[in-house]
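K.L.:
Residue-level listing of the chains:
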Amino acid sequence: MRRQGMKRGLAAILAAAMVLGGCGGGQSAGGSGGGQQAAGGGSQTEAGGTAGGVADSVITLGDGVDIKHMDPQETDDIYSMFLLKHLYNKLFKLGENNEILCDLAESYDVEDELTYHIVLRQGVKFHDGSEMKASDVKFTLERAKEKAGTKVNAKYIDSVTINGDYDLTIKTTDPYPSLLYFLSGESMSIVSEAVVTAAEANGGIYEEQPVGTGPFKFVEWMPNDHWTIERFDDYFGDTPMASSITCRVIPEASARVIALETGEIDVALNVGAVEAANVEANSDLVLETGISPAVSYLGLNTQKGALADQRVRQAVAYGVNKQEIVDTILEGRGEVANSFMGKTIPGWNESLEAYPRDVEKAKALLAEAGYGDGLKLELFINGDQNNRSAQLIQAQLSEVGIDVEISMYEWGALTEAVKAGKHDMFIMGWANRSGDPDYSMSPLFHSSSIGSNNSSFIADDKLDEMIITAKTDMDNERRMQEYKDIQTYLKELSPWVPLYYSMSTAGRRADLEGFEFSAATGNYAGNCHYNK
Amino acid sequence: MSKYIVKRLIMLIPVLIGVTFLVYFILSMSPGDTATMIAGEGAEAETIEAIRKEYGLDQPVIAQYGKYMWNLLRGDMGRSYLTKRDVFTTIAGAFPNTAKLAFWSILVAVAIALPIGIISATRQYSMVDNVGMVAALLGVATPNFWLGLMLIILFSLKLGWLPSGGMNGWQSYIMPAITLGTGDAALITRMTRSSMLEVVRQDYIRTARAKGVPEKAVIRKHALKNALIPVVTVIGLQFGGLLGGATLTETIFAWPGVGRLLVDSIKSKDTPMVLGGVIMLTITFSVINLLVDILYAFIDPRIKAQYR
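Residue numbers (the working numbering), protein chains in the order written: chain H, 5 to 536; chain E, 631 to 938.
Treat the hints as calculated values from the structure; they're not laboratory data. Just to be clear, a hint being listed does not mean it is correct.
To be verified - Each computed DSSO-like pair below joins lysine-lysine, with the alpha-carbon atoms no more than 27 Å apart:
no., chain 1, residue 1, chain 2, residue 2
1, E, Lys934, H, Lys149
2, H, Lys367, H, Lys347
3, E, Lys897, H, Lys151
4, H, Lys423, E, Lys683
5, E, Lys730, H, Lys426
Bear in mind that the values here come from a model prediction, so they are computed numbers and not experimental data.
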């Protein structure tokens, strides 16, 4: 590894890099389900993949929704990302606690607040047999700057310089501590320059025959039916236990669990609350659960009518009984959200407490704001689950003296109405899969995001400043504290009433081993197998 | 006859233009911004604008439609907004799955409906008639999704005889075909019965009987052939409907057909995919109708004489 001398005055930044970095250690830890086999790590490497009496395993999964893309830079949905995780690698990946681990990068150091020096693993093969080099990484990063889904973050990449086949330097336009998290996302999976260029020549589309460096190579995709991948023998990492994986699309949740019960599939992904109980009741099956990185919330329009008054917003927060929503709507499969970001995200403020249900306090706040005689608010929603939450909230707020009128929308119509600010209140969720706290703040609460995702229309100078400071702070420890402070301040402003953190679930056959369930960073099925 | 067929096929062109025009404008007027839908939940304004430009959604609707039709004329149905896959390839991939299921479903329906309908009519108010009609009523009233789930629970979960879903081998056709077929059978049974009842009261049936023609021959040769016209019409309509995809049944049995494809596309405002589906539906329906009309000629020589 080429070492750059430590520059004077950058000691703090480098110290931060040490915290950020630490590519050493093992690979990602296993799933959170307990009792599962850890991925990677020394012992399994010695076991040597499929050797040692483990038969070749053909694994079948079932999920509710089909994939949309196999081109990483086009992908933004979790179903496609699940497949990408098996086909590709990124420069970095997230550990179970959102720590940055090396993937295709062998090591990195942060030379100054704008410069990242990355050394790549050698001998990594693409599925077509060619070797992955720095030029492929540069090609991928530059491609990301062009693509609609990735350019928002990739625009911070100023330049990528190749120093050798396995050595490159990334310069950012501004201090951008989220960079490594961004590069850990599935949408930043490294593609082959030669393959993509050839496929896209003459206006073609790359993703019909994806070629990655991952543990599995693509076999086929029959839309709305299934996709199949098979083990890539030249994979640079540990040989996966499964020889072939097929994921069937079974949209009806109960049919998916029945297929699991009959043994037609080995794993049923995204099991609903009702079906989860069926899985738990069956001794042949095991239910995996974990808190997802998403937060569901009741958004309040801070620039419209009575809700422009902070006291009214706080009254709503006191009026909503979040525990009741978790107990009834989620059937207990979730937790009350205490804060404005998912609890799996670094920088989540664990000491923050949600507003407790307090009818008297709510009434007093309303009276203080001049709405002692009651108040009428419109609540915009979409979908069955949010509809049921809305009805509960309607009943809860009526006790406070707020009359809620529920308006149900199609998804597209809801986003349009909410962006236009026609609402008083709305229910939505925000899933931060980047692992970086900024993705839970800038898009939702910075005033420049009004008109896109800041649908509570919160525009607060102090808040804006806090968000920007945290976003560009290269001192990781200080940065995390800044995010905690933002959440405390947000609680006071109350642009939202955070409702709940829901569970991610999956059911599997009890004798299936090696399924790595992770609500935070996505599941991995590559090591699924049965012991005879 | 061939002149008639050509004439009917040419008539398809204005129908297609009308249908695509209507669908295009209804989609563009329905609430929800297409670019936002493509960008997905949580996309930033910049992303949405980029997509709007990329897909030409910043153009006036009429210009977008014109461009679509121009490409269509050159045989290009475009690419899905959502998956970027070629629309024609995607629909051509799903349609055979739907067609195969539709074929077996209508076969199930006819195999159940014709015998019961005929027996019900010839033995009106008998036990068979009463049981048949109650069954038909139940068949019409039973929701597909309920019947489908019940079949899965019984034959897959409890008995383990059949796969619970997917399209894998002949076994996987049985439950979806029964689910779809029984609903259609009910309607066809009632149509057969009432049509037969009307015919068996005609003078020529009495004459045939008076001549001493055996009862079986009276029913088969004289009555059924004359009663078939409305029955064939209904079967054709049902078959056309099945070819358009049966969304609920496809969802329950994880069947990769056009019904699910279309509904998903409409929900996500995937205009090229919706239009592709609508064009396929229009052509299918028109062709089925034409086939039914041609079939009339074989059933009834008087109609054949009118086809010019």
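K.L.:
If you test the structure against every hint from before, which numbers come out violated?
P.N.:
1, 2 and 5
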